[in-house]
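Engineer: Now for the letters of each chain:
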Amino acid sequence: MTTNRTRFAVPQRLLHWLMALCILSMLFIGVGMVSTVSSKYLTLVQIHKPLGIAILVLALIRLSLRLYYKAPALPADLPLPIKLAAELSQYIFYALMIAMPLIGWAMLSAAAYPVVLFGSVHLPPIVPVSPALHTLLWHAHYLLAFAFFALILGHVAAILFHKLVRNDGVFETMATVLTHDQPD
Amino acid sequence: MVESAATPKSFPLKALVIIAAVVGIAALAFTYTAGWLSPHRVTPGKILSALQPPSGPPLGHRRNHAKGICFTGTFEGNGQGTALSSAQVFARGQYPVIGRFNIGGSNPHEPDAMAQLRGFSTSITTPDGQEWRSAMIDAPIFAAPTGQAFYQFLTAAGSKDPSAFKIYSAAHPEILTFIGWVKSHPRTESWAEDQFNSLNSFILTDASGAKHAVRWSFVPAAQAVTLTPEELAKRGPDFLQQEITQRVAAGPQHWDLVITVANPGDQTADPTKAWPADRRTVHAGELTVQQIVPEANGPCRDINYDPTVLPSGMATSDDPIPAARSAAYAVSYDKRTAEASHYPRTTTGGQP
Numbered sequence: 001m002t003t004n005r006t007r008f009a010v011p012q013r014l015l016h017w018l019m020a021l022c023i024l025s026m027l028f029i030g031v032g033m034v035s036t037v038s039s040k041y042l043t044l045v046q047i048h049k050p051l052g053i054a055i056l057v058l059a060l061i062r063l064s065l066r067l068y069y070k071a072p073a074l075p076a077d078l079p080l081p082i083k084l085a086a087e088l089s090q091y092i093f094y095a096l097m098i099a100m101p102l103i104g105w106a107m108l109s110a111a112a113y114p115v116v117l118f119g120s121v122h123l124p125p126i127v128p129v130s131p132a133l134h135t136l137l138w139h140a141h142y143l144l145a146f147a148f149f150a151l152i153l154g155h156v157a158a159i160l161f162h163k164l165v166r167n168d169g170v171f172e173t174m175a176t177v178l179t180h181d182q183p184d
Numbered sequence: 185m186v187e188s189a190a191t192p193k194s195f196p197l198k199a200l201v202i203i204a205a206v207v208g209i210a211a212l213a214f215t216y217t218a219g220w221l222s223p224h225r226v227t228p229g230k231i232l233s234a235l236q237p238p239s240g241p242p243l244g245h246r247r248n249h250a251k252g253i254c255f256t257g258t259f260e261g262n263g264q265g266t267a268l269s270s271a272q273v274f275a276r277g278q279y280p281v282i283g284r285f286n287i288g289g290s291n292p293h294e295p296d297a298m299a300q301l302r303g304f305s306t307s308i309t310t311p312d313g314q315e316w317r318s319a320m321i322d323a324p325i326f327a328a329p330t331g332q333a334f335y336q337f338l339t340a341a342g343s344k345d346p347s348a349f350k351i352y353s354a355a356h357p358e359i360l361t362f363i364g365w366v367k368s369h370p371r372t373e374s375w376a377e378d379q380f381n382s383l384n385s386f387i388l389t390d391a392s393g394a395k396h397a398v399r400w401s402f403v404p405a406a407q408a409v410t411l412t413p414e415e416l417a418k419r420g421p422d423f424l425q426q427e428i429t430q431r432v433a434a435g436p437q438h439w440d441l442v443i444t445v446a447n448p449g450d451q452t453a454d455p456t457k458a459w460p461a462d463r464r465t466v467h468a469g470e471l472t473v474q475q476i477v478p479e480a481n482g483p484c485r486d487i488n489y490d491p492t493v494l495p496s497g498m499a500t501s502d503d504p505i506p507a508a509r510s511a512a513y514a515v516s517y518d519k520r521t522a523e524a525s526h527y528p529r530t531t532t533g534g535q536p
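Top to bottom, those sequences are chains Y and W. Using our numbering, the first residue of the first sequence is number 1, and each one after it goes up by one. Using our numbering, the first residue of the second sequence is number 185, and each one after it goes up by one.
Calculated directly from the structure, the hints in this document are not laboratory data. In this text the structure is predicted, and so the values were computed from the model without any measurement. Heads up, a few of these hints could be off.
[Stated by the list, open to error] Straight-line C-alpha distance at most 20 Å; calculated EDC-like pairs for lysine to aspartate or glutamate:
1) K198(W) x D168(Y)
2) K40(Y) x D502(W)
3) K49(Y) x D518(W)
4) K395(W) x D450(W)
5) K163(Y) x E87(Y)
6) K367(W) x E414(W)
7) K40(Y) x D454(W)
8) K519(W) x D486(W)
9) K418(W) x E294(W)
[As the list claims (entries may be wrong)] Computed beta-carbon distance windows for the label pairs:
10) Y142(Y) x Q300(W): 33 to 41 Å
11) V201(W) x L151(Y): 19 to 27 Å
12) A394(W) x A85(Y): 54 to 62 Å
[Unchecked claim] Residues from chain Y shown here face chain W by an in silico Cβ test under 10 Å; the list is partial:
13) L27
14) G32
15) Y41
16) T43
17) A112
18) Y113
19) V116
20) S130
21) T135
22) F146
23) V165
For each residue, glycine too, the CB sits at the ideal point set by N, CA and C.
Starting from the given sequences, assemble the full structure and let the hints guide the process.
Structural biologist: Dropping the structure here:
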């Protein structure tokens with residue numbers, strides 16, 4: 001699953017940073033909206049739903065790009081446990097990016113809420129109305145949101161470690177969005 | 185291959201401090217957004233706690249207006265409402281309704297005669313896949329102008345300190361109008377004789393794109409028969425539910441949807457203030473209740489009558505209460521669905 005390229009391909013980098021922005025916004029909107037009864041609540045909910053679907057679509061595109069372009073290899077001298085953790089974290093990222101919007105969508109479906117994207121554009125329910133299922137999905141959505149944020153914090157800490165401590169080129173595989181690949 | 189890492193010469197304290205600072209600040213910002221650093225923020229959970237009786241929340245039930253009974257029926261649009269909104273529900277036609285008669289308060293076993301408020305919730309679906317949910321009460325105005333104020337009112341009203349309510353009502357004299365109505369309004373013998381009001385203002389958009397600020401009421405066709413306090417006291421604990429069940433079994437019951445249109449300049453943001461009585465009204469159609477179903481197994485049980493679930497052609501206004509209701513109702517729904525085992529679905533379809 002790796003490529004000889006030293007950096008992620010430009011479309012991959014573009015999507016990475018775009019999605020970073022979307023997902024961070026999404027997590028902050030999520031915890032913010034459930035903590036207020038002010039008018040901001042409705043505005044945030046109205047952003048949360050279409051943004052979630054956008055993330056789902058982007059994640060699927062990103063997964064295809066990943067399968068097509070693959071990823072640059074990690075430094076050869078990286079200790080094995082760190083290498084494993086880095087690879088595992090990528091699987092978890094993809095799983096969360098795809099599962100969180102689906103869980104949210106299913107959660108609304110199970111609660112018989114209309115899934116409003118914008119205006120009169122609704123999405124169909126993807127699971128039957130079920131209080132038990134709603135409870136399960138609601139807890140999953142809530143807990144996974146915190147897990148997702150924790151994973152992002154770990155990801156940021158790790159990449160800064162690569163850059164500031166090891167300076168091993170891992171940061172540069174994704175950083176600076178548009179610069180072209182230099183042949184090795 | 186990537187170039188091999190340069191080995192750091194010494195312990196990278198500076199780098200680790202930067203990493204810790206970045207992660208720490210991000211975590212702090214997240215915590216702040218979640219409200220954990222803001223103990224004074226009015227959260228939906230706080231509103232629910234303030235509604236809760238000292239004996240604890242009504243497990244498995246709605247946190248307010250906990251006692252109710254489901255109905256099914258139809259809404260027949262007469263086409264007049266299309267002058268105000270492009271929503272299909274106002275076009276001429278008949279649309280299915282799932283609704284709920286209820287009484288205010290957090291006790292699912294509250295004697296009906298004790299009810300301070302009576303409520304009426306509706307979910308109307310149209311063939312275009314849109315849905316209009318509304319939760320109305322018989323009061324003509326709401327208790328508080330904002331979610332924050334409503335929370336302060338609940339806290340003051342529930343406080344053991346007798347000055348708490350005085351302090352609140354001094355700052356919010358409109359609460360006295362509301363309480364005056366609650367104490368003095370005549371009680372009818374039936375939900376079928378009560379008028380139910382949207383309280384909140386909404387914005388309707390017609391096919392030309394013009395916007396109209398409105399409130400609405402469901403006005404009963406049945407003549408009101410008022411009970412004296414003595415007659416009310418003699419009624420059984422579930423007399424409203426028994427009465428509506430018998431009445432609807434004998435024949436469908438009707439309400440007229442009357443939409444009141446604000447004049448330019450009428451305030452729309454404060455649901456504690458009624459609009460002058462001379463405002464233009466539009467009779468948009470008739471709601472018919474055809475069947476009563478006990479809530480435990482009824483079709484209204486798993487519906488959250490969130491007043492911000494609106495078809496296109498209808499939207500919330502600058503009235504802040506629907507947002508607060510939506511936020512609090514969602515948490516009430518999350519909690520009660522998780523507690524469903526405390527409110528069994530009976531196989532006989534009766535009330536537990």
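Engineer: Between K367(W) and E414(W), is the straight-line Cα distance small enough, at 20 Å or below?
Structural biologist: This hinted pair holds, its Cα atoms lying about 15 Å apart.
Engineer: Under the criterion of a CB-CB separation shorter than 10 Å, is G32(Y) in contact with chain W as hinted?
Structural biologist: holds, 4 Å
Engineer: Taking 10 Å as the limit, does the beta-carbon of S130(Y) come near enough to a beta-carbon in chain W?
Structural biologist: Cβ of S130(Y) sits 8 Å from chain W, so the hint holds.
Engineer: Hey, K163(Y) versus E87(Y), does the alpha-carbon distance stay inside 20 Å?
Structural biologist: holds, 18 Å
Engineer: Given the hint that K198(W) pairs with D168(Y), test it: the Cα-Cα distance must not exceed 20 Å.
Structural biologist: Measuring from Cα to Cα gives roughly 17 Å; hence the hint holds.
Engineer: Can you confirm whether the C-alpha distance between K519(W) and D486(W) stays at or below 20 Å?
Structural biologist: Given pair K519(W), D486(W) holds - Cα atoms ~12 Å apart, limit 20 Å.
Engineer: So if I understand the rule, the pair passes when the alpha-carbon distance is 20 Å or less; does K395(W) with D450(W) pass?
Structural biologist: Cα-Cα ~14 Å, so holds.
Engineer: Does T43(Y) pass the interface check with chain W, least Cβ-Cβ distance below 10 Å?
Structural biologist: holds, 8 Å
Engineer: Can you tell me whether the CB distance of A394(W) to A85(Y) sits inside 54 to 62 Å?
Structural biologist: The hint (54 to 62 Å, Cβ to Cβ) holds, given that A394(W) and A85(Y) are roughly 59 Å apart.
Engineer: When the nearest CB of chain W is found for L27(Y), is that gap smaller than 10 Å?
Structural biologist: holds, 7 Å
Engineer: Is the Cα-Cα distance between K49(Y) and D518(W) 20 Å or less?
Structural biologist: Roughly 18 Å separates the two Cα atoms, so the pair holds.
Engineer: With 10 Å as the cut and Cβ atoms as the points, is V165(Y) at the interface with chain W?
Structural biologist: holds, 5 Å
The structure agrees with every numbered hint stated previously.
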